[in-house]
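Protein chains in written order, with the UniProt record's numbering: chain V, 1 to 296; chain P, 1 to 276.
Errors might be hidden in some of the hints.
[Said to hold, decoys possible] Selected chain V positions facing chain P (in silico; Cβ < 7 Å):
1. 53
2. 73
3. 78
4. 83
5. 101
6. 145
Hints in this document: simulated from the structure, not taken from any laboratory.
Beta carbons are placed, not taken as given, at the ideal position from N, Cα and C, and that holds for glycine.
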Amino acid sequence: MSLIHCHNLTKNYASKRALNQVNLSLEAGQPIALVGPNGAGKTTLFSLLCGYIQPSSGKVTLFGHPPGSQALLGKVASLPQDASLDPNLTIMTQLSLFARLQGFSNQDAEQEALRVLDLVGLVDNCNQKPTALSHGMGKRVSIAQALIGSPELVLLDEPTAGLDPANAKVIRHLVKSQSKNTTFVISSHNLDELEKLCDQVLYLDNGQLSQSVSMNDSQQQNYLTLTMSQCEVEVLVASISAMSDIITVEQKQDNEFIIQHDKANIEIALFTLFSEQGWQYKSLLKGRRLEEKLFS
Amino acid sequence: MNNSAPSQLQNTVIIASFEVKKILFNTRGLIAIAAFALVWLLILLYPIKDASEYLLDPSFRQLLVNLFGENSLNQLFSWKVAEMAIFWVIALFIFPLFSISVAADQFASDKSRGSFRFLTLRTSRDSLYFGRFCGSLLIQSILVLITMIATILLSVSRDPSLFLPALTSGVFASINIIIVLMPYTALMGILSLYANSSKQATIYAILLWAILFIISSFFSDHPSVIAALQWVLPGAQISQMINTHGLGSFMYAPMPLLQTLVLLTLGRLYMKRSAI
Numbered sequence: 001m002s003l004i005h006c007h008n009l010t011k012n013y014a015s016k017r018a019l020n021q022v023n024l025s026l027e028a029g030q031p032i033a034l035v036g037p038n039g040a041g042k043t044t045l046f047s048l049l050c051g052y053i054q055p056s057s058g059k060v061t062l063f064g065h066p067p068g069s070q071a072l073l074g075k076v077a078s079l080p081q082d083a084s085l086d087p088n089l090t091i092m093t094q095l096s097l098f099a100r101l102q103g104f105s106n107q108d109a110e111q112e113a114l115r116v117l118d119l120v121g122l123v124d125n126c127n128q129k130p131t132a133l134s135h136g137m138g139k140r141v142s143i144a145q146a147l148i149g150s151p152e153l154v155l156l157d158e159p160t161a162g163l164d165p166a167n168a169k170v171i172r173h174l175v176k177s178q179s180k181n182t183t184f185v186i187s188s189h190n191l192d193e194l195e196k197l198c199d200q201v202l203y204l205d206n207g208q209l210s211q212s213v214s215m216n217d218s219q220q221q222n223y224l225t226l227t228m229s230q231c232e233v234e235v236l237v238a239s240i241s242a243m244s245d246i247i248t249v250e251q252k253q254d255n256e257f258i259i260q261h262d263k264a265n266i267e268i269a270l271f272t273l274f275s276e277q278g279w280q281y282k283s284l285l286k287g288r289r290l291e292e293k294l295f296s
Numbered sequence: 001m002n003n004s005a006p007s008q009l010q011n012t013v014i015i016a017s018f019e020v021k022k023i024l025f026n027t028r029g030l031i032a033i034a035a036f037a038l039v040w041l042l043i044l045l046y047p048i049k050d051a052s053e054y055l056l057d058p059s060f061r062q063l064l065v066n067l068f069g070e071n072s073l074n075q076l077f078s079w080k081v082a083e084m085a086i087f088w089v090i091a092l093f094i095f096p097l098f099s100i101s102v103a104a105d106q107f108a109s110d111k112s113r114g115s116f117r118f119l120t121l122r123t124s125r126d127s128l129y130f131g132r133f134c135g136s137l138l139i140q141s142i143l144v145l146i147t148m149i150a151t152i153l154l155s156v157s158r159d160p161s162l163f164l165p166a167l168t169s170g171v172f173a174s175i176n177i178i179i180v181l182m183p184y185t186a187l188m189g190i191l192s193l194y195a196n197s198s199k200q201a202t203i204y205a206i207l208l209w210a211i212l213f214i215i216s217s218f219f220s221d222h223p224s225v226i227a228a229l230q231w232v233l234p235g236a237q238i239s240q241m242i243n244t245h246g247l248g249s250f251m252y253a254p255m256p257l258l259q260t261l262v263l264l265t266l267g268r269l270y271m272k273r274s275a276i
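Model the full structure from these sequences, guided by the hints.
Given below as structure tokens:
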């Protein structure tokens, strides 16, 4: 049974078509990324998956059930964009209520609330009201609520937007650590972040699913992304191109190059070249960056 | 820690009790109750405390007859406990007004700030809808019971032998008032689903009642239209209920109960289909 299955999923807002006949089938496992420009339909797709809105046409199921059905309650969780907790009640009160609605007893509900707050490092703030928290802390609480009861599927809409780098790292670590039992679908504009977290990337553009790429496909093994500290670009490109089993060398940014090759362990030959020429490199990445895969 | 999937009914009870807890253990809720208590303190101290004198006074009785007609308020003078008779009249008019205010935020705030989205992945929309309705009605019932108990205490302080008749009248009156409040609460639930804030829901309620009042005035010469409108407009039976007493008041119960049933059905459909 598919984790998520969409068949010709379409959503119209008045005259605007936000999603256009999206067909999609995802299996449980490693985190899945959903990327696309602003207005591409990412939040609409998330809202349909959560049952917040109804599709104009087409069909969507999660674990074989339509969104919002009784069988999915507590099994699917979400960090909705722009949703905030009740400002008049403490975080503990609200998270405990959520846990109770998922079937926890009164006492267990409080323990569960503390457990998820601990995951995002906010146990000490449990008796505060949401208004007393910073934007970043509020976001972490919203992520914490999505982890109550260890759901099987968690949809995170822009989980690190507005977070400082340290807290964004905490969230990435959290997603990684929870991925064994939970499948995360993450919508974000931060491609570096998605590259670190996700194996599969879905690209939505203009309401249509235009690409689905895997970070671990076999083709990925034939590429290297080289970032140099300082070098003479023309000499570098010429030197690498002259090496055996090199197919292409393409300069992408100032000191970044994509090398397509046809040989295992080409890295050793490259390091030898750098040593001979006295060039310093910043990084050598196996494969291409997500940005490169999506937009090249 | 174990969590087994709770039933819809269990979640409805959790949501309803949480609504009551929110009012009773929250500063804003307590301020609202304090304001309510203050208004009722004034009502208890003045019209209700002096009720026995008013109702036994022939000139006051004549005034009411002149105002409302010979047999329109005759039942009011047959109450054994005068305080309870005045409580009945005032409560019939005051509580629906409170209801509009208390029940105006069943859904509006949650919907506009998006916190509905946290709830609907954990509980069905039915549990949420009926839980909020029951919670709101429970809060109003608590307020009715508190005022009823205060009125009993007031009448007993005048004459201790009135305890039993005051209790009996109080129980009948309270049940009837709660029935009267049901369609108000259900209607405010629908308006609260449509509005973006409790204030907006209250404004919609005022507009709705004003429009229905204008329509009924327009058709005042057509008794069949007026009779039909009475089944549509919550509270249309209140003026006739004043002149009832004890079990007799229940003859008007089918109208609000039916209105509640229809409004809850419509609200449930709206809740199921609305985007959140």
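Okay, the hints, checked on the actual structure:
no., hint, result
1, 53, "holds, 4 Å"
2, 73, "holds, 6 Å"
3, 78, "holds, 6 Å"
4, 83, "holds, 3 Å"
5, 101, "holds, 4 Å"
6, 145, "holds, 6 Å"
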